[in-house]
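Participant: With these hints in hand, go ahead and build the complete structure from the sequences.
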Amino acid sequence: MWEDTLLIFSTDNGGEVKHGGNNWPYRGTKNTLYEGGVKAVGFVHGKILGDLSPAQRVNRELIHVTDWYPTIMAAADCPYVSGNSRNKLYGLNQWGALRGERGSQRTEIVHTIDPMNRTSEIPDMRFGFNINVKAAICVRKWKLITGNPGHGGWYAPPESKDIFTKSGTRGSKNIQLFDLSVDPLEENEISNEHPTVVSELLERLAKYSLSAPPAINQNTDDNAHLSWTDGFVQPWLN
1 MWEDTLLIFS TDNGGEVKHG GNNWPYRGTK NTLYEGGVKA VGFVHGKILG
51 DLSPAQRVNR ELIHVTDWYP TIMAAADCPY VSGNSRNKLY GLNQWGALRG
101 ERGSQRTEIV HTIDPMNRTS EIPDMRFGFN INVKAAICVR KWKLITGNPG
151 HGGWYAPPES KDIFTKSGTR GSKNIQLFDL SVDPLEENEI SNEHPTVVSE
201 LLERLAKYSL SAPPAINQNT DDNAHLSWTD GFVQPWLN
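Each residue of the sequence shown is one higher than the one before, counting from 1 in our numbering.
A few of these clues could be false.
[As the list claims (entries may be wrong)] Estimated spans, in silico, between C-beta atoms of each pair: (1) Glu121 to Gly20: 35 to 43 Å; (2) Gly96 to Asp12: 21 to 29 Å; (3) Tyr69 to His19: 26 to 34 Å; (4) Ser167 to Gly50: 42 to 50 Å; (5) Ile216 to Leu7: 35 to 43 Å.
Calculated from the structure, these hints are not laboratory results.
C-beta atoms are modelled at their ideal positions from N, C-alpha and C, and glycine is treated no differently.
Facilitator: Laid out in structure tokens, this is it:
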């Protein structure tokens, strides 16, 4: 079975530093929009990958969690992802990138647009987008964050006695821009230096928000609380 198996280890977000996770040296933690919260690691192993030389290949290009489905289907020669039968999959086929045959097919990632999470109820529209809304988009080397991204500290690993956790704050800024190619740790906010980049990325967020279904707050169902069901979900309604 192993000879015909593709093993994929992946994750959907950074570690929660309050519960043993660590994203050092990246900024932030789980539920934040900084790299420590959204950057994820993973590995793929299997004979089907072909002859990788050297024994491993590291890919640091943009790949989104939604890309796994069409990538796995392509690896399995599934006709669902080939030609005109692709049928509007959300993700992109990254099988060639994993095999080292070509670069990533992805040039941007929308990390989130959360209209229910705002720094103010009074809209502050810039280039068609309300910058009070919690949102983030990454296009090639540029990353734009609006609203409140969550706590932005750098959390040192516990085994590093000579490294200290340092705090970071967005101040009163509802727009933050970083050049990840030279500043992957997001230490230097440069929105004032690149107004054209900011306007282009805000226009892209505006475009994506127009195509999103409206957000709806759902009432909490206390019966679904895991601590009341011995740690697993079970039926509670007929």
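Participant: Which earlier hints can't be squared with this structure?
Facilitator: The structure conflicts with no hint, since it agrees with every one listed earlier.
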